[in-house]
Amino acid sequence: MEIYNSSNIKTFEFDALIIGGGGSGMRTSLELAKSGLKTAVVSKVFPTRSHTVSAQGGITCAIASDDPNDDWRWHMYDTVKGSDYIGDQDAIEYMCSEGPKAVFELEHMGLPFSRTESGRIYQRPFGGQSKDFGKGGQAARTCAAADRTGHALLHTLYQNNIKEGSNFLNEWFAVDLVLNQSKEVTGVIAFSIESGEVAYLKSQATVMATGGAGRIYSSTTNALINTGDGLGMSLRAGFPAQDMEMWQFHPTGIYGAGSLVTEGCRGEGGYLINADGERFMERYAPNAKDLAGRDVVARSMVLEILEGRGCGENKDHVFLKLDHLGADVLNAKLPGICELSRTFAGVDPIYNPIPVVPTCHYMMGGTPTNIHGQAYTQSNGADEIVSGLFSVGEAACVSVHGANRLGGNSLLDLVVFGRAAGLHIQESLKTGGGVSDASSDDINKALDGLNKLNASTEGYEVAEVKRELQSVMQNYFGVFRRGDFMEKGVAALQDIREKISNLHLKDKSLAFNTNRVEALELQNLFEVAEATAIASFERTESRGAHARDDYKERDDENWLCHSLYDPIQKALSKRDVNFEPAQVETFEPKVRTY
Amino acid sequence: MIDVNIYRYNPETDKFPYTQTYSIKKPEKDIMLLELLNILKEQDTSISYRRSCREGVCGSDGMNINGKNGLACITPISEVIKNNKIELRPLPGLPVIRDLVVDMTEFYAQYDKIKPFLQNDSVPPTEERLQTPGDRDKLDGLYECILCACCSTSCPSFWWNPDKFVGPAALLQAYRFIADSRDTKTSERLEALSDPFSVYRCHGIMNCVNVCPKDLNPNHAIGEIKSILLSNKKKQDIIISDGAN
Chain A
1 MEIYNSSNIK
11 TFEFDALIIG
21 GGGSGMRTSL
31 ELAKSGLKTA
41 VVSKVFPTRS
51 HTVSAQGGIT
61 CAIASDDPND
71 DWRWHMYDTV
81 KGSDYIGDQD
91 AIEYMCSEGP
101 KAVFELEHMG
111 LPFSRTESGR
121 IYQRPFGGQS
131 KDFGKGGQAA
141 RTCAAADRTG
151 HALLHTLYQN
161 NIKEGSNFLN
171 EWFAVDLVLN
181 QSKEVTGVIA
191 FSIESGEVAY
201 LKSQATVMAT
211 GGAGRIYSST
221 TNALINTGDG
231 LGMSLRAGFP
241 AQDMEMWQFH
251 PTGIYGAGSL
261 VTEGCRGEGG
271 YLINADGERF
281 MERYAPNAKD
291 LAGRDVVARS
301 MVLEILEGRG
311 CGENKDHVFL
321 KLDHLGADVL
331 NAKLPGICEL
341 SRTFAGVDPI
351 YNPIPVVPTC
361 HYMMGGTPTN
371 IHGQAYTQSN
381 GADEIVSGLF
391 SVGEAACVSV
401 HGANRLGGNS
411 LLDLVVFGRA
421 AGLHIQESLK
431 TGGGVSDASS
441 DDINKALDGL
451 NKLNASTEGY
461 EVAEVKRELQ
471 SVMQNYFGVF
481 RRGDFMEKGV
491 AALQDIREKI
501 SNLHLKDKSL
511 AFNTNRVEAL
521 ELQNLFEVAE
531 ATAIASFERT
541 ESRGAHARDD
551 YKERDDENWL
561 CHSLYDPIQK
571 ALSKRDVNFE
581 PAQVETFEPK
591 VRTY
Chain B
1001 MIDVNIYRYN
1011 PETDKFPYTQ
1021 TYSIKKPEKD
1031 IMLLELLNIL
1041 KEQDTSISYR
1051 RSCREGVCGS
1061 DGMNINGKNG
1071 LACITPISEV
1081 IKNNKIELRP
1091 LPGLPVIRDL
1101 VVDMTEFYAQ
1111 YDKIKPFLQN
1121 DSVPPTEERL
1131 QTPGDRDKLD
1141 GLYECILCAC
1151 CSTSCPSFWW
1161 NPDKFVGPAA
1171 LLQAYRFIAD
1181 SRDTKTSERL
1191 EALSDPFSVY
1201 RCHGIMNCVN
1211 VCPKDLNPNH
1221 AIGEIKSILL
1231 SNKKKQDIII
1241 SDGAN
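In order, the protein sequences belong to chains A and B.
Sequential numbering from 1 applies to the first sequence in our numbering.
Sequential numbering from 1001 applies to the second sequence in our numbering.
Keep in mind that the hints were calculated from the coordinates and are not lab data.
Treat the hints with care, as some may be off.
Unchecked claim - Below, simulated EDC-like cross-link-like pairs (lysine to aspartate or glutamate); rule was C-alpha separation at most 20 Å, straight line:
| no. | chain 1 | residue 1 | chain 2 | residue 2 |
| --- | --- | --- | --- | --- |
| 1 | B | K1115 | A | E105 |
| 2 | A | K488 | A | D550 |
| 3 | B | K1214 | A | D507 |
| 4 | A | K163 | B | D1003 |
| 5 | A | K131 | A | E588 |
| 6 | B | K1015 | A | E339 |
| 7 | A | K34 | B | D1121 |
| 8 | A | K10 | A | D448 |
| 9 | A | K101 | B | E1127 |
| 10 | B | K1082 | B | D1003 |
| 11 | B | K1185 | A | E164 |
| 12 | B | K1041 | A | D507 |
| 13 | A | K163 | B | D1121 |
| 14 | A | K508 | B | D1014 |
| 15 | A | K508 | B | D1044 |
| 16 | A | K506 | B | D1014 |
| 17 | B | K1041 | A | E458 |
| 18 | A | K163 | B | E1188 |
| 19 | A | K163 | B | E1191 |
| 20 | A | K508 | A | E194 |
| 21 | B | K1041 | A | E461 |
| 22 | A | K508 | B | E1012 |
| 23 | A | K506 | B | E1042 |
| 24 | A | K506 | B | E1012 |
| 25 | A | K38 | A | D15 |
| 26 | B | K1041 | A | E194 |
| 27 | B | K1113 | A | E164 |
| 28 | A | K34 | B | D1112 |
| 29 | B | K1041 | A | D383 |
| 30 | A | K163 | B | D1183 |
| 31 | A | K590 | A | E580 |
| 32 | A | K488 | A | E538 |
| 33 | B | K1214 | B | E1127 |
| 34 | B | K1041 | A | E468 |
| 35 | A | K163 | B | D1112 |
| 36 | B | K1214 | A | D348 |
| 37 | B | K1029 | A | E313 |
| 38 | B | K1115 | A | E580 |
| 39 | B | K1138 | A | D328 |
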């Protein structure tokens, strides 16, 4: 088929390009729609099909509805502690203090939040939440629309983008970044999935809002589309990724299916039991119990299973008990969970417990950015901004989640930093910021990968290689990790790389060729997986979600820092964590217990 | 063995659509139809369909299953294997792009037309606008729509007039904003629906209710819109006749 080059493809020019139509991308585009800048959202799916739609429990924010004395500083304390002290305190401060404004904006846009008797937004307790800097007991800080908060948020953002006249390139797939000779990002190569038309989307600012990559694991709560496309592109372009060893395993994925069961279930009073019917979290986290940090709960579950107290025939899961809450509460507060459980576990939680198991859920790592979404790289050990490249949401590592994200903080991250990036791009483009043009050679270079795949006449099957990749990640880089196992995993990935470079695209057609999309997605997954594997192997301590059997303790002396993965050298370096919030005293690292 | 009959059409190679039969060993445990399609796609990578969340919340994989619209990802195959066969066709009434993928432009255009966003003339407060739990309850059964188009593409009125009849999905959303105590454009919203086509082409045959994978009831919402329109009209008639006297 046709070999693409800069002279046989079209160029479309924009001021700002947002790759990804989920929560963070649409919050960015909403900000830019009002600016008069020529903007487009490039989304491989119609925006309301993005994975934000699957978020359930809510958006955590100190709006002081449940507790009139609630304080964003308490939320900040929880978030810093939850991150196991490698979240950047300037960014966490920004998110927690700007949060209420962002949540009220969503309400004004029409988001159908559940309500309290006084008519305010309903808030529920979530894991890792406290009052008065951990001294005042459990807080209820997660703003909810029943258990469909992500759906309500994503649709509300899409609706308001319609209102503001945002420009969408729906079902367009971004393949690779275009870089000019100064290594500035000048846009992307992309194609229309519907027609197959390939184009150079040229832009002064390119925002990666491409979400997570949970599909590197075989068991994940993530949608099939969560393939880390933005990160894949930036790693191939030679830009670094930060904290890639930090993957959150959500305690309650439905056993077998992987679908998420919100932490809100435990917030509303549900709890986990083992085969003996024991509420085992009382042993592991005497104070917070089932509402300890997600990493803590997930590890406790795995230990119960490893010690033979798992449920079911194979003793390989535990139960989430909800029936004591009663049908009224479940139907009003957790209707979506009841539906999912009936469909995917064959269990009605009104009567029986749901079989659950820790399941890959969230990528804390990503492209390192500042609070304006500007991507960083490093040169000679010093941070340097990548001109033209931005990243927001799960794809980014700003870093507000550090080594472990608190429930409800991801939706807040999306809207706070989506908005911040939009504001910054407006400001900088109006004051002359921007990038130089790319040459034909630069554009052709970004077309290489696509041309190679299109030209393949033999090679490896996409589905097979994907399964192989996922099983390596699942087996060697799961909840508990060990150096010698991970070494095997890293070696296995080296073999897979050869297959990734030689995938066979059997179907060469243009119109809605999902085979081509899946092959390119797999290449992105691989880049993310490799970064994860090397970072996990190199970080020789246990912190947050990264739990090593061979290095059981947190090592602040050597590892109170971000890890930075360099995709060219395939090596890990260290990057400082920010401990300098502007309005509050630094939260110093402490032993983390719940 | 079961036979999965799939509607095939690739605009680059096929003059006409055709049905291709895939014979496959019946999986030992009950799986969702989407998983079955994924297995078939490994054998024939050219089969095209949309999918994303695989748990019934994103609305990507609406298709016509044995003659009835539904979401493949939450339809267990045990429920749809009839005489060892499953028939899969694209959602009816919309142009086919390829195989099970339809062009949803007209469907989305109707959604855009009803102004699916909250409109409120007043300056927003610094905090949230208050809403009583009772008023918020009125949005239940409305806001949960996932825009999968199963309802509108099972509606003969939408097949006939996809450009003029708003269709059940978008009407459900029209009513979602009419019913929202925070929205101040109720009369404009109703006015925009008062022509003979937008809402009145619904004849209440309930296909939409029958197929909705989220158990929503567009027919009820449409009934509510019609009855408000009619009672407003009666009021207007009374005012006009009063004036004449």
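We went through each hint and held it up to the structure:
Restraint check for K1115/B and E105/A: the C-alpha separation of about 19 Å stays at or below 20 Å, so the hint holds. Distance hint between K488/A and D550/A is fulfilled; the C-alpha atoms sit about 15 Å from each other, no more than 20 Å. A hinted pair counts as satisfied when its Cα atoms are at most 20 Å apart, and K1214/B with D507/A does not qualify at roughly 35 Å. About 46 Å separates the Cα atoms of K163/A and D1003/B, which puts this hinted pair outside 20 Å; it is violated.
A threshold of 20 Å between alpha carbons decides the hint, and for K131/A with E588/A the separation of about 18 Å falls inside it, so the pair holds. Only pairs whose Cα atoms come within 20 Å are accepted, and K1015/B paired with E339/A is rejected, the gap being roughly 42 Å. Taken as a hint, the K34/A and D1121/B pair is honoured in the structure, with Cα atoms around 18 Å apart against an allowance of 20 Å. For the hint linking K10/A to D448/A, the alpha-carbon distance of about 16 Å falls within 20 Å, and the restraint holds.
Of the pairs offered as hints, the one joining K101/A and E1127/B holds, with about 8 Å between alpha carbons and a cut-off of 20 Å not exceeded. Distance check on the hinted pair: K1082/B and D1003/B sit about 10 Å apart at the alpha-carbon level, within 20 Å; holds. Between K1185/B and E164/A, the direct Cα distance comes to roughly 17 Å. Compliance with the 20 Å bound is thereby established for this hinted pair. Distance restraint check for K1041/B and D507/A: the Cα-Cα separation of roughly 12 Å lies within the 20 Å cut-off, and the hinted pair is therefore satisfied.
As the CA atoms of K163/A and D1121/B are separated by approximately 14 Å, the hinted pair is consistent with the 20 Å bound. For the hint linking K508/A to D1014/B, the alpha-carbon distance of about 15 Å falls within 20 Å, and the restraint holds. For a cut-off of 20 Å, the pair hint linking K508/A to D1044/B stands: about 13 Å separates their Cα positions. Pair hint K506/A plus D1014/B holds up; C-alpha atoms about 18 Å apart against a cutoff of 20 Å.
A threshold of 20 Å between alpha carbons decides the hint, and for K1041/B with E458/A the separation of about 18 Å falls inside it, so the pair holds. Between K163/A and E1188/B the alpha-carbon distance is near 16 Å, which keeps this suggested pair within the 20 Å criterion. As the CA atoms of K163/A and E1191/B are separated by approximately 19 Å, the hinted pair is consistent with the 20 Å bound. A C-alpha spacing of about 14 Å is found between K508/A and E194/A, which places the hinted pair at or below 20 Å, so the restraint holds.
For the given pair, K1041/B sits about 12 Å from E461/A by alpha-carbon distance, which is consistent with the 20 Å threshold. Straight-line distance between C-alpha atoms of K508/A and E1012/B comes to about 11 Å, which keeps the hinted pair within the 20 Å bound. Simply put, K506/A and E1042/B have alpha-carbon atoms about 11 Å apart, close enough for the 20 Å limit, and the pair holds. Simply put, K506/A and E1012/B have alpha-carbon atoms about 15 Å apart, close enough for the 20 Å limit, and the pair holds.
With a C-alpha separation of about 5 Å, the suggested pairing of K38/A with D15/A holds against the 20 Å cut-off. A distance of roughly 18 Å separates the Cα atoms of K1041/B and E194/A; the hinted pair therefore holds under the 20 Å criterion. Only pairs whose Cα atoms come within 20 Å are accepted, and K1113/B paired with E164/A is accepted, the gap being roughly 14 Å. A hinted pair counts as satisfied when its Cα atoms are at most 20 Å apart, and K34/A with D1112/B qualifies at roughly 18 Å.
The suggested pairing of K1041/B with D383/A is violated, with an alpha-carbon distance near 45 Å, which exceeds 20 Å. Distance check on the hinted pair: K163/A and D1183/B sit about 14 Å apart at the alpha-carbon level, within 20 Å; holds. Straight-line distance between C-alpha atoms of K590/A and E580/A comes to about 17 Å, which keeps the hinted pair within the 20 Å bound. Our distance criterion of 20 Å between C-alpha atoms is met by K488/A and E538/A, whose separation comes to about 13 Å.
Straight-line distance between C-alpha atoms of K1214/B and E1127/B comes to about 32 Å, which puts the hinted pair past the 20 Å bound. At roughly 17 Å between alpha-carbon atoms, K1041/B and E468/A fall within 20 Å of each other, so this suggested pair holds. A threshold of 20 Å between alpha carbons decides the hint, and for K163/A with D1112/B the separation of about 9 Å falls inside it, so the pair holds. Using a Cα cut-off of 20 Å, the hinted pair K1214/B and D348/A holds, with the two alpha carbons roughly 17 Å apart.
Between K1029/B and E313/A, the direct Cα distance comes to roughly 16 Å. Compliance with the 20 Å bound is thereby established for this hinted pair. With a CA separation close to 45 Å, the supplied pair K1115/B and E580/A exceeds the 20 Å bound. Distance hint between K1138/B and D328/A is fulfilled; the C-alpha atoms sit about 17 Å from each other, no more than 20 Å.
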